[in-house]
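Novice: These are the residues of each chain, in order.
4 protein chains.
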Amino acid sequence: MKMTTFKGLAMLGYDNIGWIEKEVPEVGPYDALCKPLAISPCTSDVHTVWEGALGDRHDLILGHEASAEVVEVGSYVKDFKPGDKVIVPAITPDWQSVEAQMGYSQHSGGMLNGWKFSNVKDGVFGDVFHVNEADGNLAHLPKGIDICDAAMLSDMVPTGFHGANLAEVEYGDTVVVVGIGPVGLMAVAGSVLRGAGRVFAVGSRPKCQEVAKYYGATDLINYRDGNIVDQILDATGGKFVDKVILAGGDVDTFDEAVKMVRRGGIVSNINYLGTGDYIRIPRVEWGLGMGHICVIGGLMPGGRKNMEYLAELLVRGRLDVSPLLTHKFDKFEDIEPALVMMKSKAADLIKPIVKL
Amino acid sequence: MKMTTFKGLAMLGYDNIGWIEKEVPEVGPYDALCKPLAISPCTSDVHTVWEGALGDRHDLILGHEASAEVVEVGSYVKDFKPGDKVIVPAITPDWQSVEAQMGYSQHSGGMLNGWKFSNVKDGVFGDVFHVNEADGNLAHLPKGIDICDAAMLSDMVPTGFHGANLAEVEYGDTVVVVGIGPVGLMAVAGSVLRGAGRVFAVGSRPKCQEVAKYYGATDLINYRDGNIVDQILDATGGKFVDKVILAGGDVDTFDEAVKMVRRGGIVSNINYLGTGDYIRIPRVEWGLGMGHICVIGGLMPGGRKNMEYLAELLVRGRLDVSPLLTHKFDKFEDIEPALVMMKSKAADLIKPIVKL
Amino acid sequence: MKMTTFKGLAMLGYDNIGWIEKEVPEVGPYDALCKPLAISPCTSDVHTVWEGALGDRHDLILGHEASAEVVEVGSYVKDFKPGDKVIVPAITPDWQSVEAQMGYSQHSGGMLNGWKFSNVKDGVFGDVFHVNEADGNLAHLPKGIDICDAAMLSDMVPTGFHGANLAEVEYGDTVVVVGIGPVGLMAVAGSVLRGAGRVFAVGSRPKCQEVAKYYGATDLINYRDGNIVDQILDATGGKFVDKVILAGGDVDTFDEAVKMVRRGGIVSNINYLGTGDYIRIPRVEWGLGMGHICVIGGLMPGGRKNMEYLAELLVRGRLDVSPLLTHKFDKFEDIEPALVMMKSKAADLIKPIVKL
Amino acid sequence: MKMTTFKGLAMLGYDNIGWIEKEVPEVGPYDALCKPLAISPCTSDVHTVWEGALGDRHDLILGHEASAEVVEVGSYVKDFKPGDKVIVPAITPDWQSVEAQMGYSQHSGGMLNGWKFSNVKDGVFGDVFHVNEADGNLAHLPKGIDICDAAMLSDMVPTGFHGANLAEVEYGDTVVVVGIGPVGLMAVAGSVLRGAGRVFAVGSRPKCQEVAKYYGATDLINYRDGNIVDQILDATGGKFVDKVILAGGDVDTFDEAVKMVRRGGIVSNINYLGTGDYIRIPRVEWGLGMGHICVIGGLMPGGRKNMEYLAELLVRGRLDVSPLLTHKFDKFEDIEPALVMMKSKAADLIKPIVKL
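Residue numbers (the numbering used here), protein chains in the order written: chain A, 1 to 356; chain B, 1 to 356; chain C, 1 to 356; chain D, 1 to 356.
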């Protein structure tokens, strides 16, 4: 008998989470219904609930990081069928949109609107969840990839690697990664996998520093030890770095970033900026407007292609995401303490994962 | 008999210009000595003298826009000889520098250091002037190009066109050009020559508006008629524009630019930013850091290749710079009133030119 | 009462065209049914019928160049409704495909498979025709664009302009366009609109030469006057050209193209190559494999975005396609003599158009 | 007392090598004189002498792979002084040239003309050798890099990595490298360092296969086991690969390359093509001219920047070139047997190196 309702962990309102029951969503002709295999809470979920990042949402099921199994598909879906194990990107664009045709599928239909799970519709922390345009937005889980590792492909890997892509990291580049939570760590790994030479990782937590080293950081910088620009330019002998990837900090961190990057360099932001009216770029160091320092930031690209190609890095042993998974759970209900853990951020936490 | 001293119009000190005599500079093995054929003052010269843009310089001969004739060449110069008529770029990089090898020759040896004339050495408002690395920095004046038109290739054309290049204008793009002095006008022309569709030209002076239309602006926006973001988004029916080129305004204009550009769009600055601590980028409209709106600014590229290719546009009739040349003089001494005119900016002025 | 059958001009079999009646195709949830407003035959239709370019097809309605009116839309179509006037691209990709996500929508589902009309399904030479993924593949006809002009946006403009895009034409480039039928003429116009300087147009028909001049060709080269490489290098004084766009010729024309292009230059093909086992690249002139001469060819990109942006060039008066439309008809049945005319190629023919 | 003559191993004529004495070359104002610290023969030297690749040269000192010490510098050289230890690129462009300004410094002054050592002037197999434009063409040897490893930065690393750059390898790409001599091995390493997923290495020698695995090849293909296209498409289940890098084979290998690459893919050649009139591209698999398969080949870029950035990969432990150095010598005279060894290619040979 077909399920008509399902349960999920939701934002009930500002500062308030809880379990609710909802009707199973309708599956359109191109869509799919999936049930999660492994799920992980994201700092974005924390922002959503406790910082009101998306405004006051009610009864919105949370979560956008999951590997899953297909339960049902629409009549026009060609490449997936019930029972298929899949990777699910956090960003599931509308592929017909003009934005997608321009290469900005993450903004299909409006700023950041390719992001649907736990934003404009229920997320993946439910018994089931709905996926729009399944052929374009799911990827088959390759043999041999662990379902917990696969959940890191939803957001952590593509966001971190997008930072390295936006920064156009090239062979031998000196790269600074500010912020070494899971996304920053993937920016370190992504920089190394694009050929970076020296990589400065800026962060203070020992566990994160240890994992940053594992992923190829050559220099660890702790902002508690003083101004990071001074520390980094001291280390380089005053030479500007090629690229800066911001995976942490706030609107003021751009000031530091511009002050350490070379002419022709790039400051690439993948960090959600929750407060402040303005990002500020220092005029003089920005070459009085003429220094060719590019400042850009962007949401990760979603969709199937990106998942398939990033999964190849796991399949071929180029990237091991298991060091990110510091805390493991094995019951669906555990997603609640896992989310709370993400909020409280224990010293040794990188990512909690719930294997179902 | 070889000339040992020469005369030129110099910045004597802050807020003070006058004619001085100097020793003829030594010509290194790769260098050339030229005498100007046509010269034009630039707003940068005004900034230098009356706003102290480069700090307090003494007895520095001004000017970086000229066509010229070669007077002497170093022993290793291969492609030029005395008597050759040449185009002289405002920016004359050190071509061996690592920066030039990276594609940023304008920053060879340091931020903006490819700019030498009237900055780190005497400029072109002298009987003669020195050109470093002549084979790499001069271009032969093609037959049929007027020497006054050629002087527009030193700075006005390459700077305006660089704005369109940085903005990566594509077929059918809607482009806003803020500021329609001579550089902004060339940004309009350069946008059209990269395939722009609709082009908004933002400025208030009737003469400039008229010439903006000539170069292909489809819509004229006067900032005196209200907020330019509102005016432009009204005109587009609320649709964001593809690219914004800043050839005027100040550090605050970036706020407006980001508010009207689409996700995946580019804000390209070619305007000297003389004051203000920070360029400010509005956080929300910048997609909370994730909107893929690129903010970049840069000094024009110098050197021979750029001159040769831009000159082709004049040779083949793709671009007519004569509408820029609103005020003509014919004696060397006239460069002084011409410069003062650039400072006072008469209503119908775009560029004064002195033909020698 | 809803129409159940419709009439169209079809390829009945090899070397054989005729009118047939077919059932009106079903309109899927994302699709549309349209009726043509203006249609034009393409050389590809000629290849299909009389050269067997697509193999032996039976009862396939021909045509892929049309402007149209929407008759019916699927339940999930958001942006179009019956009665809307639209531009219809010749290439209508599957936007969810991995190929589209990689930027190669024209190859969605396989080599050239974004091309559906008169290839894998009935074309536009019918009372009605089916459009897949209407929101992604149709564009609203802007006010003031003539429906005949709009039909040139289906294939002629985007194919010619794609040639200039693949060739990465830049300010001042010297470009050779080989073949000046309608596509080649649009490659000339597209090169000029990307900033080309000198443009050599290679062709023999006086009418085409005249229109090539109109679109900005600076030099006309007739292959009947001798080897085109010699003619062109004579004209340049032996200097290699920057880019070559092949809109005519055959597999052997690449030999000539490589022989006249500079190191770092591009040979861009937009010409259907119907015969010959191999394209041949001359080893020595290709730098013994190391000359950085890029050889690339590609089918035009389809879809809505491309149509919208190219239409802007007509709306803003940057491009006038009316000189292409040398022969006009005004009855639906006239598409048959128009197609035969495309085959026989009268001296003064560029494109025939049927306005309905 | 200043040395006036020096000794070196030269091509005396076709098929004939020997030691000769020559006058020490004059050092121009921007130039340097160096003495080698470590030298390695290249397959190009073999081509030059025994295949007449550069025509019949007489008394030309061979060699273009070396680390060195500066002996003398011209009066305008700023960044180097006698006694400095340096990396020397095989390609030493004229940086003022228009070609260099366009990004193709390897072709400064004409096709492949950035290649000077053992081509247009004496090479590095002498007691001393001349370096043009020292500031632009030498790089300081970083501390901790072995002088033998450094010699691999002259040609092997930059050529192999240029293959990966031309192929625009991206995260997760499936790459085929044809030919796994030292350059092909560096193309494997360079592909992995740009984020390749699956990497097919095509070659037959067990030693090279072993080292290919070390550098990250996931699949070894031996052309002696059958057609490589069949073998590779069998392994992928018929899916085309993303990129093919040709570091071996001949003009016919392009046929195979095009047959296995996807639409939108790239065939990148870094292999010297010594014979055959034409590279042949199969028409049908090239999409009848419209498949967006880019075919490009290029000589490595030379100059200081490239050396500095590639050296960073050694400094930071991203790349270990020591597995290339299979045969070591320690006397200057040994360069002769080392060169002969390169010609005869022992089973276990990758590169011989002479440490002085």
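Since the hints were made in silico from the structure, they are not lab data.
Values in this document were obtained by computation on a predicted structure and should not be read as measured data.
Each hint should be verified, as a subset may be incorrect.
It does not matter which identical chain is used: a pair holds within one copy or between any two.
Claimed, not checked - No farther apart than 27 Å at their CA atoms in a straight line, the calculated lysine-lysine pairs in the DSSO-like style are these:
#	residue 1	residue 2
1	K81	K207
2	K239	K85
3	K345	K143
4	K22	K331
5	K121	K78
Novice: Confirm or reject each hint.
Specialist: Comparing the hints with the structure gives:
1. K81 - K207: Classified as neither; 41 Å inside a copy, 46 Å across copies.
2. K239 - K85: Between copies, since 21 Å is at most 27 Å while 48 Å is not.
3. K345 - K143: neither (33 Å within a copy, 41 Å between copies)
4. K22 - K331: Intra 20 Å, inter 58 Å, cutoff 27 Å: intra-copy only.
5. K121 - K78: Intra 24 Å, inter 19 Å, cutoff 27 Å: intra and inter.
Hint compliance for this structure: hints 1, 3 are broken, all remaining hints hold.
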